[in-house]
Amino acid sequence: MNRLLFGDNQFFGVNHMSEEKARAQAMRFQSVDAIMTVLDDAYDAGVTTFMCTTHDRIAEVAERVRTNQKRYESQNFFPCMPYAHKYSNAMADAGIFGAIKQFLPDEGFLDAAMRGGRSFATKDIEGIITLLIDAEMKMFAGLETPVIFLQNVVVDFLLGMGFNDAFEIFARHVTGKYGVEPGFITMNMPRLLDALDSVGIVNPIVCSNINKLGFRMAGGIESYMDALNNREFRAVAMSVFASGAIRPDEAIDWVASLPNIQSMVFGASSRTHIESTVELVEKYWPAR
Amino acid sequence: MVNVGIIGLGKMGLSHFSIINAHDDVKVVGVCDSSGYILDVLGKYTGVNTYTDASAMLDAVDVEAVVISTPSKFHASMVRDCLDRGIHVFCEKPFCLDPADSIALAELASAKRLVTQVGYHNRHVSTFAEAKRLLDLEALGRVTHVLGEAYGPVVLKPKGSTWRSKKDEGGGALYDYAAHPADLMTWYFGRPKSVSGTVLGKVLSSETEDEVFTTVMWPDGMSGQLSVNWSDESERKMTTRVSVWGTNGKMVVDRQEIRVYLRAASQPTVGYGKGWTVRYTTELTSEVDFYVRGEEYSAQLDTWIKRVRQHAVQGTADFAQASITDELLHAIVHSADGGIRSLNEDVDKTKQSRSEYSTSLWNWLKARRRERASRVA
Numbered sequence: 000m001n002r003l004l005f006g007d008n009q010f011f012g013v014n015h016m017s018e019e020k021a022r023a024q025a026m027r028f029q030s031v032d033a034i035m036t037v038l039d040d041a042y043d044a045g046v047t048t049f050m051c052t053t054h055d056r057i058a059e060v061a062e063r064v065r066t067n068q069k070r071y072e073s074q075n076f077f078p079c080m081p082y083a084h085k086y087s088n089a090m091a092d093a094g095i096f097g098a099i100k101q102f103l104p105d106e107g108f109l110d111a112a113m114r115g116g117r118s119f120a121t122k123d124i125e126g127i128i129t130l131l132i133d134a135e136m137k138m139f140a141g142l143e144t145p146v147i148f149l150q151n152v153v154v155d156f157l158l159g160m161g162f163n164d165a166f167e168i169f170a171r172h173v174t175g176k177y178g179v180e181p182g183f184i185t186m187n188m189p190r191l192l193d194a195l196d197s198v199g200i201v202n203p204i205v206c207s208n209i210n211k212l213g214f215r216m217a218g219g220i221e222s223y224m225d226a227l228n229n230r231e232f233r234a235v236a237m238s239v240f241a242s243g244a245i246r247p248d249e250a251i252d253w254v255a256s257l258p259n260i261q262s263m264v265f266g267a268s269s270r271t272h273i274e275s276t277v278e279l280v281e282k283y284w285p286a287r
Numbered sequence: 000m001v002n003v004g005i006i007g008l009g010k011m012g013l014s015h016f017s018i019i020n021a022h023d024d025v026k027v028v029g030v031c032d033s034s035g036y037i038l039d040v041l042g043k044y045t046g047v048n049t050y051t052d053a054s055a056m057l058d059a060v061d062v063e064a065v066v067i068s069t070p071s072k073f074h075a076s077m078v079r080d081c082l083d084r085g086i087h088v089f090c091e092k093p094f095c096l097d098p099a100d101s102i103a104l105a106e107l108a109s110a111k112r113l114v115t116q117v118g119y120h121n122r123h124v125s126t127f128a129e130a131k132r133l134l135d136l137e138a139l140g141r142v143t144h145v146l147g148e149a150y151g152p153v154v155l156k157p158k159g160s161t162w163r164s165k166k167d168e169g170g171g172a173l174y175d176y177a178a179h180p181a182d183l184m185t186w187y188f189g190r191p192k193s194v195s196g197t198v199l200g201k202v203l204s205s206e207t208e209d210e211v212f213t214t215v216m217w218p219d220g221m222s223g224q225l226s227v228n229w230s231d232e233s234e235r236k237m238t239t240r241v242s243v244w245g246t247n248g249k250m251v252v253d254r255q256e257i258r259v260y261l262r263a264a265s266q267p268t269v270g271y272g273k274g275w276t277v278r279y280t281t282e283l284t285s286e287v288d289f290y291v292r293g294e295e296y297s298a299q300l301d302t303w304i305k306r307v308r309q310h311a312v313q314g315t316a317d318f319a320q321a322s323i324t325d326e327l328l329h330a331i332v333h334s335a336d337g338g339i340r341s342l343n344e345d346v347d348k349t350k351q352s353r354s355e356y357s358t359s360l361w362n363w364l365k366a367r368r369r370e371r372a373s374r375v376a
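For the protein sequence lines, the chains are X and F, in the order given.
Numbering that gives the first Met the number 0 numbers the first residue of the first sequence as 0 and each following residue consecutively.
Numbering that gives the first Met the number 0 numbers the first residue of the second sequence as 0 and each following residue consecutively.
Source of the hints: derived by calculation from the structure; they are not laboratory data.
The reader is advised that the hints may include incorrect statements.
Output of the computed footprint for chain X on chain F, the stretches with three or more beta carbons under 8 Å from beta carbons of chain X [what the hints assert, rightly or not]:
#, region
1, 218-224
2, 228-238
3, 250-257
4, 272-281
5, 286-295
6, 309-321
We treat Cβ as the ideally placed atom computed from N, Cα and C, and that holds for glycine.
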């Protein structure tokens, strides 16, 4: 994993601090050309991993990269699935099974499972989970995806319910079918480590907020520090700047001082911002 | 440890189950839904006890507190059954479709000293709570007008298939979307006097409204407007915003930031100077123990569980407070011809037909109105 991973929140109107800023960004990045310009800047600055949601528009980005392999020789993707809002909005409209049905490539599968009688067999749940993963992965066909992440809304929803087997099914399918590593995004990192332990996932890749402010580090910053010092896992830090609430140099200096962090995800909309982040990382956090 | 049962496992019920199941002071002793498939999967993979009938669950296990997230039309009867059994209740919003039920159930809960709360999660969003603090300190002076807005992408094609698209089951943009800014308005400014100029417009739905516009008046002459559209695809997700104008300035609040303009600096304790002050959720939000989809969803359940443990019968968004929002929503439904509809009409009828249980709540409402009138004066 590279030290710096390029995130995609800025392209889709996600900003944890300001709705107005988010809207302005969503307008600016309406065209794929605008997204590609920033991705090119990141690539040219040596940030060649794009950690992105499986938003419909990422399919267009993937297509650009696929058709221009020479320009993007080292480009790889860390897909984060699913793009949860599309499920959430569909659930209010069509119910939970209606929503799942909409996103399954083969609607017949769920119908067959539900017709099979009142009881869902284990293989049905496995079947639904793996079909959903495959549907989301379609857009990355032919591209390098060394790590496939499960998004935090889904991870934390399953974690709360104690549905830990789903993590094992996800990990097994990602390793078995795609031959790459599974990753998990969470807002409850220490608690998730216990759950992954319980289903036998060893030395997992776990991405969570890690910032000096303790912003959205559920369970408290101390429990995160304890996990970083004492647990066996590969940490990826996100929200390092707490959506702009912490000064960049201060934020990176602090993260660099922590043990066990492999990478940090950051979002940026300009070449200057990308280059200054790369410089700060070279200064405070040189490769070991 | 509080033994909790979950009734209804739709979108909100599953979310509540996940959050409360992770709470250190809670044991989920049973979940109940009419869909065998959901129960089957949860039973198999999480080990929770599952029931297809709420009464059967309440008979079978020792439930001290329930979370009710059924379609809205079932709230009143489910809540009554639970209160009769002496069980504390958290109920999804809107509380009841008929405010006569809301008021009666608030009274019943109060008489039985049970802890109740309705899922108005925006009251637990740090920026909206900060606005409440400023308004209670009268930082804007005398408030003259409030604009409550909610826009988002729910109905984006002509046909919906769940109860949310059926008017008589509590579907539609009014109960689903407008309820949120409406509740913030009653939380901030108390019980309105009347509504008028209501438009319940259709964009794509055939049975329900997709737009809500109405004018709200308070007894002291303060005015408000509600502007809601749930067929607005330009929003990535639901966006709720409240703007307030007063003699000393204005504020604009959404779930991420609060922007305040003051003509004169407020008292030093308030922390807002002359001109603009902007504060963000990143600095205002308190950490939660377990996060699924926004601090407010965890915070509202944590608040309710804490109140249950402390037997704190009164609290934010309890049934008595949620009844006021129900009255407002009901008045909007019945003013769709655009005419003036007084909130008192509903309550007066309620009083006649249900005088046995509405007296003390009525007095409380009157006291609240008096208190508000004197505060503004």
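Now the hints, each set against the structure:
no. : hint    : verdict
1   : 218-224 : violated (count 0)
2   : 228-238 : holds (count 3)
3   : 250-257 : holds (count 4)
4   : 272-281 : holds (count 3)
5   : 286-295 : holds (count 8)
6   : 309-321 : violated (count 0)
Violated hints for the displayed structure, listed by number in ascending order: 1, 6.
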